[in-house]
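**Student:** Chains as they are written, first to last, in our numbering: chain A, 1 to 97; chain B, 1 to 418.
Simulated from the structure, these hints should not be mistaken for lab results.
Incorrect hints may appear among the rest.
[What the hints assert, rightly or not] List time: in silico SDA-like cross-link candidates among lysine to any residue, alpha-carbon distance up to 20 Å:
| # | chain 1 | residue 1 | chain 2 | residue 2 |
| --- | --- | --- | --- | --- |
| 1 | A | Lys58 | B | Leu44 |
| 2 | A | Lys58 | B | Gly58 |
| 3 | A | Lys85 | B | Cys21 |
| 4 | A | Lys58 | B | Arg42 |
| 5 | A | Lys86 | B | Met1 |
| 6 | A | Lys58 | B | Ala53 |
| 7 | B | Lys336 | B | Val298 |
| 8 | A | Lys86 | A | Gly31 |
| 9 | B | Lys290 | B | Leu342 |
If you want the building blocks of each chain, they are given just below.
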Amino acid sequence: MSDTQTVLDPVASVAVVGSAGVFQPLTSLQGRVVGFIDNSKPNFNLLADDLGELLMSKYGVARVVRHRKPTASVAASPAVFADIKKECDLVITGSGD
Amino acid sequence: MVVCSTAFITLGRSQLKALGCADLPVAVMPHPFGVRSRDQVRELAVVLVDEIARLATGGGEKLVPAGTSAVTVAAAAAIEMPADLIAFNDACEQRHWSDGLPLVPPTAARVEAMLAGSRRRRDEVVARVAPGFGVATVERIAINAVMAGCRPHYLPLLIAAVEAVADERFNLQGIQATTNSATPWIIVSGPQAASLGFNAGINCLGQGARANATLGRALRLVMQNIGGALPGAMDRATQGQPGKYTFCCGENEAASPWAPLHVERGFAATDTVVTVVGAAGTLNLNSHSKDAADLIRVLAESLVYPTSNDLHFAGEPWLILSPEHAEVLARGGYSKADVKQLLWAQSTMLAGRYARRDFERVVHARGAELGAISAETALPLAATPDGIGILVAGGPGTHSVYVPTFGQTRAVSRRVGD
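Only chain A is shown next, with the shape it has when bound in the complex (with noise of 0.2 Å):
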């Protein structure tokens, strides 16, 4: 009797999908427009009003566009994708606690 058997593998890798570069480095964050998307998680709103101010007043943000998610594990609408797309350099996002 053999010492192995072969077996079929029930794993399926991690999926890559899209494409490498989404994330573009800034040269400064003089004047760009920084925008949160709050995933509901406890606190993530008060980070985000310091970390809005923290980034106006010692970076040189122009402004900060906040939205929020109505709960944590749902994706944020396309609206809100829409809006971030069209007004903001830098997107800033809460995952999990």
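Chain A is already provided as a structure; the job is to place chain B on it using the hints.
**Tutor:** Okay, now just chain B, sitting in the frame of chain A:
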């Protein structure tokens, strides 16, 4: 850019990779974040803003680009594993293929036999399974079915269950990755539920029936091996629940006074249908009441508590009525719609019972549905009476079962094909 706490960094990075955005910067802060005081949040922001500025201007580590390859649907690879069953299972554990219980080796011959249970092509793509978005081909589903101990004629039901959990309304992404205990509960209704051996009677949520045990287990293996949600990595459940091993039962159509679940949900009586529910757990509801109105009252009171996800998000909680309880209600003249309406109306909770922070969250989460919410607002468990699911299952006894849900999920039904 993503901001997350240390406890979620593995999930965040894995998901960015799965979605083709591995080069997006992640600003990490210490966990736990949500319990911090207002002053502590400000202190954190002062530090975090510098990190965000550094990452935004390209100061982060240079990650390997995600690549541009499209999703490929390769046949499952053949792998040499120990022939000895104990050694095989040790190797499965090391490869993280296992739910912790022994597995059946998925040899080519066993997978062929499993595939014979369905007419679908082996390379057909059934779904991409969150949160890793691995491709679930019929073949790969069959491999996991073999490992779970399924009989070949369960395969069409498993395929239907995979389609159902992958439906956007089910929110598999949330259920797989959440800290909540949520897991799919599979309900099998229609003619094949009994003929295939699904237990809908005594101990239908407990041990003893191979169909119940292995179909639920196989879906878990699919979610882990194809969806990629390994505990501690992308599966972030704080404790999880025993139902994550398997959670499946039939509908006791013969003992139900009402139309079967699949007919209620728009399918033909002759269809066999799989329904998945994003279940948070089970709670025994014991009442000897023989009075319909009195029974409704005590069942309704048992459904509300101020830490309920359903209450929080207007969910879709379920009640498994024992045949005896269903008979009391039917003899009292109630249709299933009446039962839903009465339970819904009598299971509201005053918002003032919430913890202060939870009250603030519900004001936001349900504001669009209910308008301004005050401490005196009576919150219903679901947005409408029909949002309360009712199934008749189980054997003799005065026990019904409450199945609260993840809240941000909807039950999805799929007809079982050939």
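**Student:** Each of the hints needs a verdict: does it hold here or not?
**Tutor:** To see whether the hints hold, each was checked on the structure:
1. A:Lys58 with B:Leu44: Given that 20 Å is the threshold and the Cα spacing comes to 15 Å, the pair holds.
2. A:Lys58 with B:Gly58: Holds: A:Lys58 and B:Gly58 sit about 18 Å apart, inside 20 Å.
3. A:Lys85 with B:Cys21: 16 Å, holds
4. A:Lys58 with B:Arg42: Distance ~14 Å between A:Lys58 and B:Arg42 Cα, so the pair holds.
5. A:Lys86 with B:Met1: At roughly 17 Å apart (the allowed maximum being 20 Å), B:Met1 and A:Lys86 satisfy the hint.
6. A:Lys58 with B:Ala53: Distance of about 10 Å is within 20 Å: holds.
7. B:Lys336 with B:Val298: 17 Å, holds
8. A:Lys86 with A:Gly31: 16 Å, holds
9. B:Lys290 with B:Leu342: Holds, at about 17 Å.
Consistency note: the structure conflicts with none of the earlier hints.
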